[in-house]
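There are 2 protein chains.
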Amino acid sequence: MNAKIRLYVDHPLGVGQSVPLTREQAHYLFGVMRLAVGAPVALFNGRDGEWLAEVSEAGKRGGLLTCKEQTRPLQLPPDLWLLFAPIKKARTDFIVEKAAEMGAARIIPVQTDFTNSERIRQDRLQAHAIEAAEQCGGTFVPEVTELQKLDRLLADWPEGRQLMFCDEAEAGSALRLAAGEKGRPWAILIGPEGGFSDRERARLSGLPFAHVVSLGPRILRADTAAVAAMTVWQQALGDWA
Amino acid sequence: MNAKIRLYVDHPLGVGQSVPLTREQAHYLFGVMRLAVGAPVALFNGRDGEWLAEVSEAGKRGGLLTCKEQTRPLQLPPDLWLLFAPIKKARTDFIVEKAAEMGAARIIPVQTDFTNSERIRQDRLQAHAIEAAEQCGGTFVPEVTELQKLDRLLADWPEGRQLMFCDEAEAGSALRLAAGEKGRPWAILIGPEGGFSDRERARLSGLPFAHVVSLGPRILRADTAAVAAMTVWQQALGDWA
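Here the protein sequences line up with chains Y and F, keeping their order. Going by our numbering, the first sequence opens with residue -5, and the numbers climb by one from there. Going by our numbering, the second sequence opens with residue -5, and the numbers climb by one from there.
Okay, chain Y solo, but in the shape it has when bound (with noise of 0.2 Å):
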C-alpha cells in the first residue's frame, strides 16, 4: 500500500493514533482527491518521522486517519538559520519555500535599513514552508518567526552561533569557510534588493561571528542569492557531504 499523498499535520503520530482532520483536509482529501475509508495517506508532523495512515472516517466536514506504521524516521535539517529581508511577494514566498527544500532549520525576516515592508503574514509564510515540505519529501518544517529588527537580533546574537553574509559590495572576497567550522550552529544573512546601508555593514563586519562570502562576479537578485549561499553552505558545512 503506497500512499501518493503527503499531509502536514499538526498532531502527535505513532502506532494506532487517531489523528482527526480539519475541515480543509477532508475538503482536500474527500472532496478534491475523492480517498474513500481504507486509503492510505502519508502523514508527518515535523516531530515524529513520516508515518503510513488510512482513512477510518471520511466526511464532508472533517474526519478520521488511523495510524499504521512508521515509514521514515525524522530527518532534521542542520543548525542553520536563513535570515532574509522580505521583498515583493512572490519572491518572499519563493525565499520561504526555497529555504525549507534546502534544509532550513529556522527561517527568520529581517527588517533592516533597506527593506520595504514593515510588517508579513507570518501564517502565509509558515504555510508555504509546511507545503514544501509536503510536496519534497521532508518529514521535518522550518519554523518560520515573526519580522525581527535586524539590530536587535545581532545585539542578542546567540553565543556560538557564526553568520555567513552575503554581500555584493564584497566582491573581491573568496569563500573562506573552514571545514572546522562544520558541525557549530551558523546563519545565514541574505540582504534586501537595494543591498544593506554603509552604516549595517560596517556593524556586519565589525562582528566577530560574522564571516563574509562571495557569491560570483554577477549581482543576483535576493531569492537567487538566497538559494545560492544555502547551497554553498550545504556543500561546506552542511548536510551534502
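Hint data in this document are derived by calculation from the structure and do not stem from the laboratory. Misleading hints may appear alongside valid ones.
Identical chains share a label here; the pair holds if one copy fits it or two copies do between them.
[What the hints assert, rightly or not] DSS-like cross-link-like pairs, simulated, lysine-lysine; straight-line CA separation at most 27 Å:
(1) K143 <-> K62
(2) K62 <-> K(-2)
(3) K143 <-> K83
(4) K(-2) <-> K54
(5) K82 <-> K176
(6) K143 <-> K82
(7) K83 <-> K(-2)
Position chain F relative to chain Y; hints supplied.
Relative to chain Y, chain F alone:
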C-alpha cells in the same frame, strides 16, 4: 551623469552611435519613466558591453538615443549550457531568469520522457532572459533555444563538452567535479518534476561525457535544483573562484 535605467537593445553600440527605439521602449522610457531629451540611459546589446547613452529624440511612438561612452566591457559567462525540462509556466520562467542571473551561456529547454509540455513560447522565455540581464547588471544575454528532444541532443552531442547530470535517484554519489575539468565547455541537465525515465537514466549513465552529481539528501524541485547545480558548478569550475 549616472543612468538609473538599463535597457537591452538589438542594435550595435559605439561612440556616437544612434540607437532607434521601438514603440514599446519609447513608451517605457518617455511614458512610464518620464525621461526627457538629455536624460541618461545605460544600454547593452549582449555584444558590445555597457554604454552610457543620452536621449536625443523623444516621441510617443519612437525615439533616438545617442551613445556617449562605454561604461563596462562585455563580460562573457563561462561556456556553460543549462538544459532543463519545461514544467509549469511560472517555474519555467523562473528557471530561465535564474540561469541568466547565474551565468549560463545558453539555455536549452529539452523534451524528456516525462516532460509534459509539447511546446514552449521561446520568444517569451528569451524576453525573461533579457529582463534578468537588465535587472542584474549583466552585459551578456544567454540565447534561449527552441524546445529540443533530449535523445536527439545527446545523439548530436558536441565533442569535448562535458555534461553534469543531477539525479535525485542517485542519492549516494558525491560531487566529483575535478578541477582539471576547468576551462572546458560544460552543460548541466536538470530533469523534469517526475525525474528521468529508467531508459533515460541508463542512457545518461552510459555516456562517456556525463558526470552524475548529488544535490544533497533532500528532494529539490526542478527550479531549486537548477540554481543549486549552477552554484556547485560555478564554484568548482566556473568564474566564482
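Original post:
Are there hints from earlier that the structure breaks, and if so, what are their numbers?
Top reply: Going through the list in order, the structure violates hints 1, 5 and respects the others.
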